[in-house]
Structures are given as C-alpha cells and as structure tokens.
Amino acid sequence: MPSPDAVRIADQLRRQQTWAAIVITLAVLFALQFPTVLAHRHHYRPVEGQFLALAVFAATTGWVAVTTWRGRSPGRWRWPLVAVTLAASVIATATVAPDQYLGIPHWSYGTVGWPLTVLVVDRGVGVLAGLLVVHFAVSAVQVAAVGEVAVTLGGALQQSLITSVFQLAVGYGATLLDRIAGTAASAARKEEELRTAEAVREQVHADRKKRYATLARTTMPLLDGLASGALDPADREVRRACAVEGARMRRLFAENAEVDDPLTHELEACVDLAERRGISVQFLTYGERGPVPTATRRLLTEPAVVALASAETAARVTVVGMGDSVTVSVVADVPEDVIPAVRTSEINTSIVCEDGRVWVKTTWTPAR
Amino acid sequence: MIRVAVVDDHPVVIAGVRAWCADADPPIEVVNADASPRAWQDSAERADVVLLDLQLEVGSLAFDRLQHLVDQGQQVIVYTMRTDRQTALTCLDIGAHSYLTKAEGEHHLVAAIHAAAENRPYMPPTLSGALATNPDPLCPRLAPREIDVLLEWFHSESKEMVARSLNLSVRTVNSYLDRVRVKYASVGRTARTKAALVARAIQDGLVHVDDL
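Sequence lines, in order, name chains A and B.
Under the numbering used here, the first residue of the first sequence is numbered 1, with each subsequent residue one higher.
Under the numbering used here, the first residue of the second sequence is numbered 1, with each subsequent residue one higher.
Careful, some of the hints might be misleading.
[To be verified] Pair ranges (Cβ atoms, derived):
(1) R208/A to K102/B: 39 to 49 Å
(2) H265/A to R18/B: 38 to 48 Å
(3) D84/B to H265/A: 16 to 26 Å
(4) V259/A to G73/B: 45 to 55 Å
(5) M81/B to H265/A: 16 to 26 Å
(6) K102/B to N256/A: 32 to 42 Å
(7) R276/A to K102/B: 57 to 67 Å
[Unchecked claim] Far from chain B by the CB rule (all over 10 Å, computed), these chain A residues:
(8) R41
(9) A55
(10) W77
(11) V90
(12) G103
(13) E191
(14) Y212
(15) A213
(16) L215
(17) A216
(18) C242
(19) G246
(20) R276
(21) E288
(22) R316
(23) G321
It is worth saying that the hints were derived from the structure and are not from the lab.
Keep in mind it's a predicted model, so treat the numbers as computed, not measured.
In this text, a Cβ means the ideal position worked out from N, Cα and C, and glycines have one as well.
Okay, chain A solo, but in the shape it has when bound:
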C-alpha cells in the first residue's frame, strides 16, 4: 500500500506525463499528419475516412486533456474510447489506396499509438504495449487481405518499431515516474521524521536544562553542603530539607508524564513519597478544574510539596476546583516556619496554625 504522500506525488507526475503525451499527440496530428493527408488526398478512397480518423484522434486527445485539466482520470470512458480510436484506425487503413499501405499516405498506422498513449499513459507501459500489438495485428490482417504493400517487410517492421518505440518510451517514462514518486515520498517522510525527532530532542533538552536550573537553585546547595561536610545528615533540619528536595524532584519527574490531570498526578507522586516515610495521608479532590499551566502548577503545589515532605505523622491533602480557581490545601503536623507562602498576582497562600497542626491553602485564580 503506497503512502498518501507517494500517491499525491505520483498523481502530480502522472498528470504532467499525460500533458506531455497530449502535446506530442496534438503536434503530430496537426503539424505532421494533417498536411500529409492534404498532400496525398488522391491516395484515399475516399479522403473523408482520413478526416474522420484525424477528428477521432484529436477528439479523444482533447477529451483526455479536459478530464486531466479537471484533475480526474479517464475513468469508465477509457476503454470505449480506446475501442473507438482503434476502430477509427481500421477505417483510416481501409480508406488508403492498397498500393500505399505502410507508405507515407498511410499515416494512421504509426500515429494511432499516440492517442492510445494519451488514453492509457497512467496504466503503465504494459497496457500500452498490448494495445499496440493489437493494432499491429489488426493492420497486418487488413494489409494481408488486400495483398499489396508500398514497402518491403523490413521497411514495415522498421516503421512499426520506430513509431512505437517513441510511444512506449513515453509510457515507460510514466511507469518510472511512479516508482520515483514512491522513493520521493519515502525520502520526504524520512526527512520529516528526522526533523520532528530533532525538534522533540531539542524540546526535551531545553526542558531538562530548565528543570536542572530549577533544581540547581535548591538541590545543589544541599548536595554541596552534604559533600563538603558543612551539613550534618544527623541534623533533623538537614534530613527534612533532603525530604523536601526529594519531593520536588519527584514532582519534576511527574511533570513529564502524559496524563489527563497533571496536577493530581504530581501531587500523588509527593503523597506516595510521604506514605513511604510512614506518613498517613488522606488525598481528596472535588470539583471541576480546567488545565493549570506547568509553571503555575509548580507554584501552586510548592507549599503542599514542602508540607508533605515535612509532615511528622499525618497529612490531609485536598484539591478543589471552583469556577476558574483551583485550590490545593494541606493540613499536616509540621513546623509552621518551614512552609513557603507563595504569593503572586494570581496565586495566594493562607496559613492557619492550630494545636501543632498547620493548614496551608494555596489558591490560583487566573487573571481574566
């Protein structure tokens, strides 16, 4: 099954090939053979047969020109027209004076191949060759029935060969172009795939750099501190900071996933991390929410990420979509001073403390 691209390219090339055949045929008919008929009018019995053949060949070619112009193929009229063309050729041969068979006045013998080429050029060279063989066979029968020829057998063969070689060459060209179209399409597709892959790679790389930049601000100082010994892993605060960085990284990794609801997905990643630390977490979400842009999600979940990573025993995480706004809330037993309060033009954080529990609620209300 050829690809749609190959079909499109092949169609284009085939149309051009058909146009070339049409132009050649019309030129042969009017510039070469029409004057021939006029010059040898006394060799025909009667001459009208020749005019009829000329008219049929020209009309067939003209009809294909019109359908090609409209972007269609000859369709179901192809084979009736082939038959009409061959019939016209038989009439033309029959109205040539027998002593002129295969001579110059018998122009239709070599020329009928051109309208046939126009009709079947898009069906491959095999079909055209078949039609030419039919034509030669019919003509041979007609000539043999009369028994007179203007040329020798060698001359006849030569003439048949010379004209049909041109016609077959055009037909073969069309077949070749079909193959070229397939190659061109697959080459174009490969190039396109390569370009897409390149663009994706660049995007992934840029994302990675951006993520690294985000981590570099917070994770790197921590790792530096641990490596240099400036930070003591036995220190509770250092361990908490590590848990927070771990949660941030989990959220960053979760950002990459193709999911319907990235906000929930990222929070679930952090909930999972907290549960692995033995924290009992309740996670509930209600209400309808639209998509939240990645940068906004990062800000919106930041207090929750820190609270989840810092919780001592239990946390309640709730997400609510109301109208345009989205609220992410966490209640957890954490030290109040560790929770960052995110405040931008669109995001607001409220913190309430009660009995050793901190409730941090971050709401995003997109500006209209």
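Once you have looked at the hints, place chain B on chain A.
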C-alpha cells in the same frame, strides 16, 4: 442509651466501631453487628441508628438496602470507603442521615451517631466537599458564605481553623454547616428521615420555614 446497628462485612470495622461507641459520651450501645440479610432486617426494629456499609457485595452499591431502611423511617449513616461525589449525593437524596468515609475517624463517627439519634444534622468534611462542588442545577441554592464554610471545613477538617480562617465563631461555623445539611434534606425525594431532620431544625431555630 442510643442503640446502633452496624451493617458491615469487615470484622475489624465492627470491632473498631464497638470500641469507639463504648467510650462515647453519652453512651452508645452496638445492638447488632453483621452483614447478613437477617441481621440487617432485625436492625431496623431494634436500633435507633443504622451504620451501613455501601459495598456489601462486589461490584454493586447497596442503594436498595439504604432505600429500604429509609422507607422504614430509620436514620442511616452511610459508612464507606467511597469518596466520590455522586455516591454521596445519591445517598443524601435517598434519605441517609449522613455520609461518612472510613478515612474519617472516631470523632466524626460518634458525633454523627449522636446527631442522627436526635434527628439533628451532621456534616462530615468529605460530604462538605461534595456538597460545595455539587454541579447539579437542581441542588439547593447556597449562599457564597455557606460555600466558603463548606470548602474550608472540607480542606481543614477543623472547625477551629475554619473559624479563624473566616473570622467566625465555631458556633457560627456549625450553624452554617447544619443549615446547608437541612437545605439538602428539604429537596429531592421525600423521606420520613429527611422530614424529621427539617422539623427538628425548625424547632431548634436553626432555619425558618420561609428559608426552605
């Protein structure tokens, strides 16, 4: 003494409920704890409140059992693992007194049983979140402040925190929550349990007839 029947097929849940009820004040007696159809039938006659697990059979929710109990005038607290909004709303519409998730602990369970026994409303936090975000155009019309209170209660699970966050007293927070619950009792399918809740709320001065 308040008598409660527990319809649940998990022994550990029954044991937990028994333990919580034993410590309750005023005291609560667990008169029946089983999931068999017979026990479930008996419970309606012997108990003041039925605690009903919705997922007694795999793949189906026991809405029909809830309907049956409600038709008998029984106050039912649905006690379930499910947190989805639609299930909660359906249970309230049928006439359940309250919808409590199993993640919500002792405090809510005991408070809900006490409230149910007296036909007074009780609003657990998860149900509060479900009601605040109810998209049904036929749901009771809630004032913006009522929605604020519902959401804050859902988020924080602490009435003290809601009161501080919204600059209200805990008493006011409670009355907002109760009013919303009564509003829901006065819409949808009719049920004796709903009518009892509304009547009690009017007697307590929680709502006026004109408000509903």
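Tell me the numbers of any earlier hints that the structure contravenes, in ascending order.
7, 21, 22, 23
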